[in-house]
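Number of protein chains: 2
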Amino acid sequence: MSLDERKKKILSSVVEDYIESAEPVGSKTIVDKYNLEYSPATIRNEMKLLEDDGYLEQPHISAGRIPSTKGYRYYVDNLMKEKKLSMLDINYIDNSITGYGDTENLLEQASDTVSKLLGRPTILTLKNEDIIESIKLLRITDKILLVIVMSKNGTIKDCVAKLTDIIPEDTVNELTKVLNINLKGTPLERVYYALNMVISKELTTFSEILGQISEGLRRELNSGVKKISNNVESILELPEFSDVEKAKNFVNILSTKDILDSTLAKVSNNELGIIIGSENKEILLSEYSIISLNILDDKNIGNLSVISPKRIDYSKTVSTLKYINSKFKNLFSKPN
Amino acid sequence: MSLDERKKKILSSVVEDYIESAEPVGSKTIVDKYNLEYSPATIRNEMKLLEDDGYLEQPHISAGRIPSTKGYRYYVDNLMKEKKLSMLDINYIDNSITGYGDTENLLEQASDTVSKLLGRPTILTLKNEDIIESIKLLRITDKILLVIVMSKNGTIKDCVAKLTDIIPEDTVNELTKVLNINLKGTPLERVYYALNMVISKELTTFSEILGQISEGLRRELNSGVKKISNNVESILELPEFSDVEKAKNFVNILSTKDILDSTLAKVSNNELGIIIGSENKEILLSEYSIISLNILDDKNIGNLSVISPKRIDYSKTVSTLKYINSKFKNLFSKPN
DNA sequence: ATTAGCACTCGATTTATCTAAGTGCTAATT
DNA sequence: AATTAGCACTTAGATAAATCGAGTGCTAAT
Chain A
55 MSLDERKKKI LSSVVEDYIE SAEPVGSKTI VDKYNLEYSP ATIRNEMKLL EDDGYLEQPH
115 ISAGRIPSTK GYRYYVDNLM KEKKLSMLDI NYIDNSITGY GDTENLLEQA SDTVSKLLGR
175 PTILTLKNED IIESIKLLRI TDKILLVIVM SKNGTIKDCV AKLTDIIPED TVNELTKVLN
235 INLKGTPLER VYYALNMVIS KELTTFSEIL GQISEGLRRE LNSGVKKISN NVESILELPE
295 FSDVEKAKNF VNILSTKDIL DSTLAKVSNN ELGIIIGSEN KEILLSEYSI ISLNILDDKN
355 IGNLSVISPK RIDYSKTVST LKYINSKFKN LFSKPN
Chain B
55 MSLDERKKKI LSSVVEDYIE SAEPVGSKTI VDKYNLEYSP ATIRNEMKLL EDDGYLEQPH
115 ISAGRIPSTK GYRYYVDNLM KEKKLSMLDI NYIDNSITGY GDTENLLEQA SDTVSKLLGR
175 PTILTLKNED IIESIKLLRI TDKILLVIVM SKNGTIKDCV AKLTDIIPED TVNELTKVLN
235 INLKGTPLER VYYALNMVIS KELTTFSEIL GQISEGLRRE LNSGVKKISN NVESILELPE
295 FSDVEKAKNF VNILSTKDIL DSTLAKVSNN ELGIIIGSEN KEILLSEYSI ISLNILDDKN
355 IGNLSVISPK RIDYSKTVST LKYINSKFKN LFSKPN
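Chains A and B, in that order, give the protein sequences.
Sequential numbering from 55 applies to the first sequence in the working numbering.
Sequential numbering from 55 applies to the second sequence in the working numbering.
Treat each hint with caution, since some may be false.
[Said to hold, decoys possible] Each computed SDA-like pair below joins lysine to any residue, with the alpha-carbon atoms no more than 25 Å apart:
1. B:281 with A:283
2. B:135 with B:377
3. B:181 with A:198
4. A:238 with B:202
5. B:211 with A:85
6. A:135 with A:115
7. B:197 with A:160
If you're looking for bench data, these hints aren't it; they were derived computationally from the structure.
Fair warning: this is a prediction, and the values are worked out from it, not measured in the lab.
Could you put together the complete structure from these sequences and hints?
In structure tokens:
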């Protein structure tokens with residue numbers, strides 16, 4: 055499955071030209087633009103062979119070639135040169151990710167920034183494997199409590215519990231103890247289940263209030279797709295979406311949480327994973343690629359994925375995600 | 055500017071048929087479907103007159119008629135019968151709006167529900183005219199403070215402030231005082247400005263921390279478009295969007311906060327307001343209608359607007375919003 | 001005041017024609 | 001053996017012409 059140098063050059067030229075132009079690439083273009091020292095006829099012969107081997111495809115018989123999924127894969131694994139980001143891009147990222155707020159704010163900023171920079175939607179998924187460090191209760195009024203959860207890695211989440219009866223100070227203290235004893239060490243994403251366990255075994259005195267807290271925290275802390283930064287203006291301008299049906303399909307994919315959740319669950323465990331077109335198990339995604347960054351600290355914090363038609367500048371995307379990742383590592387390593 | 059009964063019947067038939075079919079309505083359709091006791095020729099004469107008066111338009115000379123903005127306006131003001139919602143719809147709404155969480159959660163649920171029910175995007179705008187009752191600070195760690203803002207009507211908002219230096223207990227107490235003295239009574243939406251005033255006149259000791267708080271609260275509390283429930287699957291299916299350019303334009307409008315903010319600022323002060331097509335000042339919106347509900351308690355809490363091509367079932371939309379409003383009134387009147 | 005009758009208009013659909021890009025193959029060349 | 005010039009061939013896409021049908025506006029009759 056190895057290609058000689060000339061084939062490699064041709065394949066990489068086709069991929070890069072197609073990524074830029076969105077038009078099938080012909081033999082003449084390759085000779086002219088990419089300085090191959092051969093005639094178009096030679097290139098044609100080689101392209102035929104590359105097509106026979108499944109690296110290239112021909113939309114129709116009198117058209118140029120476009121990369122197949124296999125072609126993109128070979129390019130990504132063997133041919134792609136990692137581009138350095140331009141100073142402009144670096145500045146843009148640095149200015150957009152201010153580090154304001156907690157980890158979640160930070161990831162959201164990163165997600166928006168990447169989406170804007172690449173002109174593709176990004177999907178931010180939170181893992182919440184982080185575990186609870188402690189819980190505080192703050193009395194707001196007689197009947198309203200603010201429940202504040204602090205995680206080991208510094209995530210702070212809260213929810214409001216509205217009760218029907220007035221809560222005496224004792225109860226609040228007692229409740230704080232109960233919550234801390236039972237929940238310390240629990241992963242954030244499992245708080246809901248843990249609390250329901252507590253409810254089922256604890257005195258019924260607390261069950262109403264615990265129910266409220268459980269429901270509130272479930273909404274704040276569940277894992278899964280958190281946010282889609284959908285830079286729609288630019289994505290719909292892609293020639294891939296000049297056909298309304300395709301545009302609709304894509305929009306549909308983006309708004310179907312299940313598809314995204316299950317697809318992103320299958321991304322590799324490495325920091326960087328690339329799924330191209332039909333490599334995707336989900337058939338609706340067979341014309342799209344997902345390039346995703348697992349955000350790791352001690353634990354898997356979340357995942358930031360770029361979704362796009364297969365035609366995307368993989369090199370720039372990877373560089374961007376890597377740069378974002380280095381920023382994360384930097385910010386995480388700083389003491390809070 | 056008053057129309058005789060027959061013209062009214064014809065106009066309302068054209069509007070209702072066009073709302074349903076999205077096709078220009080011809081004289082024969084009206085006679086057949088709406089039981090007018092006249093021949094198509096008579097209807098044609100009347101339609102001609104209605105067109106001369108600006109109530110109807112003809113896409114081209116050999117087509118049927120469609121309502122003009124003026125025609126829709128007359129229909130909405132004089133002809134439209136308010137439909138009762140079906141039990142199905144009422145159940146759907148009742149089950150979707152659970153009343154969980156604070157006011158903001160509630161409005162978001164309502165916005166999503168209306169969007170799903172009508173198959174149109176909804177825009178939720180929050181006003182935050184509600185004023186600050188008190189502010190508490192909670193120390194999370196040496197360097198992290200949780201700032202909790204409580205409003206008069208029960209909204210609770212918070213943000214995290216991360217500082218570079220360790221904050222002594224005294225400082226926290228002092229700061230709490232400063233914040234309460236300066237911010238009590240301030241409308242939530244003006245907290246940012248109020249805090250910056252404080253910063254400019256207070257001792258520089260607090261300026262870093264106040265800056266953090268100011269920034270954090272600005273993000274939590276600013277007024278304006280809060281959430282767009284964009285039920286994209288169904289909206290893009292409308293025949294109005296079979297042309298990609300129009301679809302893009304609409305998507306663009308939805309993602310341009312400025313357009314929506316300034317348009318919604320001009321909506322009437324009544325609980326229910328309807329802006330049709332070119333009545334809109336913003337030229338980009340001249341083919342769209344906005345039907346919006348101002349949500350009032352003591353103060354103006356926010357606005358829930360449906361945005362759509364001019365062709366929308368105004369009657370059902372109005373009924374839905376009115377029903378939602380009655381639910382709000384019910385929930386607000388209950389004590390917390 | 002209403003309507004039957006009819007010529008007319010124009011968008012939409014279909015069919016035919018043309019063009020340009022790019023191929024694959026063969027035979028000649030290096 | 002590798003490369004390339006030459007050429008017939010294919011096909012998408014653009015343009016033009018032909019046809020169809022829905023619906024009109026006007027005139028004259030009822």
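Checked hints:
1. A hinted pair counts as satisfied when its Cα atoms are at most 25 Å apart, and residue 281 of chain B with residue 283 of chain A qualifies at roughly 13 Å.
2. Of the supplied pair hints, the one linking residue 135 of chain B and residue 377 of chain B holds, its CA atoms being roughly 16 Å apart against a limit of 25 Å.
3. Only pairs whose Cα atoms come within 25 Å are accepted, and residue 181 of chain B paired with residue 198 of chain A is accepted, the gap being roughly 23 Å.
4. Under the criterion of a C-alpha separation no larger than 25 Å, the hint pairing residue 238 of chain A with residue 202 of chain B is consistent with the structure, at around 24 Å.
5. Between residue 211 of chain B and residue 85 of chain A, the direct Cα distance comes to roughly 62 Å. Violation of the 25 Å bound is thereby established for this hinted pair.
6. Between the alpha carbons of residue 135 of chain A and residue 115 of chain A the distance comes to roughly 31 Å, so the proposed pair goes past 25 Å and is violated.
7. Restraint check for residue 197 of chain B and residue 160 of chain A: satisfied, since their Cα atoms lie roughly 18 Å apart, inside the 25 Å limit.
In summary, the numbered hints that this structure violates are 5 and 6.
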